[in-house]
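Chemist: Quick mapping for you: the protein sequence lines, in order, are chains A and B.
For what it's worth, this note's numbering labels the leading residue of the first sequence as 1, then goes sequentially.
For what it's worth, this note's numbering labels the leading residue of the second sequence as 496, then goes sequentially.
You may find that some hints are simply not true.
Listed below are several chain B residues computed to face chain A (Cβ distance under 8 Å; list not exhaustive) [claimed, not checked]:
| hint | residue |
| --- | --- |
| 1 | I529 |
| 2 | L530 |
| 3 | I538 |
| 4 | L567 |
| 5 | A580 |
| 6 | T595 |
None of these hints come from the bench; they were simulated from the model.
Here the structure is a predicted model, which is why all the values come from computation and not from measurement.
We treat Cβ as the ideally placed atom computed from N, Cα and C, and that holds for glycine.
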Amino acid sequence: MNNIILLPVLIPVMVGILLIFLRSYGRTQAWFSIFTMAATAGISYYLLEKVQSDGIQRLDFGGWAPPFGISFVADSFSLLLVLTASIVTFVCLMYALFSTNKLLQTMYYYPSVLFLIAGVNGSFLTGDLFNLFVCFEVMLLSSYVLLTLGGAKRQLREAIKYVVINIVSSWFFLVALAYLYGAVGTLNMAHLSVRVAEAGQGPLLTTISIVFMIVFSLKAGLLLYFWLPGSYSTPPVVTSALFGALLTKVGIYALFRVFSLIFNQQPEITHAIIGVMAGLTLIGGSIGAIAYNDIRKIAAYNVVIAVGFILVGLAISTPNAIEGAIYYLIHDMVVKALLFLLVGTVIALTGTAQLHQMSGLMKNYPLLGWSFFITMLSLAGVPPLSGFIGKVLVSEGAIESGAYILLALSLLSSLFVLYSLLRIFKNSFWGETIVGKEDQVPLNSRFLVPCLVLVLLTFGIGLGTEGLSAYVTDAAETLLNPDIYVDAVLEGARP
Amino acid sequence: METIIIFLVGILTAVAIYLLLSKSLIRVILGTAILSHAVHLLILAMGGLKEGTVPLLGEEAESYVDALPQALILTAIVISFAVTAFILVLAYRAYQELGTDDLDEMRGVNDE
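Hey, can you work out the whole structure from these sequences and the hints?
Modeler: This is the structure we're talking about:
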């Protein structure tokens, strides 16, 4: 029992409620939420250290021992993601502090972000499959609000698509939960793992697992990503950055958790399907990334490629591949937020999102140009930046297990990432400077500082991989040996 | 009893999908509402129907019903209520801004 596990969810919710009453004080709200995220990051780091020393932490609500009550379970994997999510949100809020317009500042923007992060953290920490559904909904409802805030025509149109698709996928989630409960009679993840292992994963359970796969794929943008580029490229840029960094990652987390802990008996069916879907996602994302001239669309398709790449790691499921996928997941949260913030800054400076209407920004804003250059290299996986280690480990895993097609696709997709971003770089940063020094829109350092923090972070993760490796190895070990997780949750309750 | 309910779930789902595939936004929203009713019934049926008395101490019965599905449905109803309320407002706002509730026409608006 450890009550602190609840705090990464509880603090954002409480502060969010408080902020509703401070509606007209935009700046105050911003500072409150920034401090909240800093506190959440600190707490999750503390918990991460605690998990290293004392093993997996657990909180049973109301003292109901699992499998009867709802519990929160914190292992290295979930805490790494909670920590990264909190840091990324912290930086995004710093960007929001000075950049969003008055309307957003006073129209419940910050409470919505805090509720979103509460849902995200809850999804990472929960140990109960139905509770996962609830946390998903908390997150989705906030994301609906954030997506529509501002009320531009394009936003409303994309939001309708996004909301309807998510309602349908939540419906699938409930259907899968109902069948699973009917089949094995529990919804506690650890207990499910035991029951499914006892019953053997027959055709019925495998079918249910595929329904779960559809649900999480819709949320993660794995193959079913048709809704993603439109809705990620319409809202204000901070919102896009948060969505790109966090929302799809929750779906990915759920896929990792469910298919390593619960439905792990039939990898030749479930993991093979994930592999095929990941491969197709890589292809589709790559085509999308080079097909558009709208730089926000290009950034959104880069999210899709990363989803494909991370799930290649799950499809292969060797220790190396899983470790690589976790590294890449952390890297991607940081660097996707960075990419969206940079793209947003470019749009704010030039007033256009079209590639061909901007040129030679390097002369005007050298620091911005170099940040973009580093982001590009990091996304492509060039050492010593953060994308490198993940790509190497996933590729190593692919070679070990002979998944050469996935290996080829994932490496080719890196080239497409590089090409799609080089196009932005070549068109908008290189070339003739079309705006003179006198006419250029001044780049406010307040926009740049959050971006630079994230640049430092991608360098930091790349260079400090050694420091991270203990946590990541532990996370991968727990994912690969479900018994560790099950024992920690059901200690005493197990026959 | 369960079999009848499952058929009912199937019929509701079919109706909901028919509505979801229509062009009018309001019908799509009604479709999502019926969809959620269908799945609530499904969860109820999965827990078993009429298998015993209420699960309270002092009932002294042979068997008790499983209370968990009902708790799940209660949560799911609240969530679907919130989501339906949100999407109704969203649809009204979109109608005001875009001047149409036809999904085909909405797609054609290209004035951003």
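Chemist: Compare the structure with each hint and give your call.
Modeler: How the hints compare with the structure:
1. I529: 10 Å, violated
2. L530: 5 Å, holds
3. I538: 4 Å, holds
4. L567: OK, holds: L567(B) within 8 Å of chain A, min 6 Å.
5. A580: Nearest chain A Cβ about 10 Å off; hint violated.
6. T595: Nearest chain A Cβ about 10 Å off; hint violated.
Hint compliance for this structure: hints 1, 5, 6 are not met, and every other hint is.
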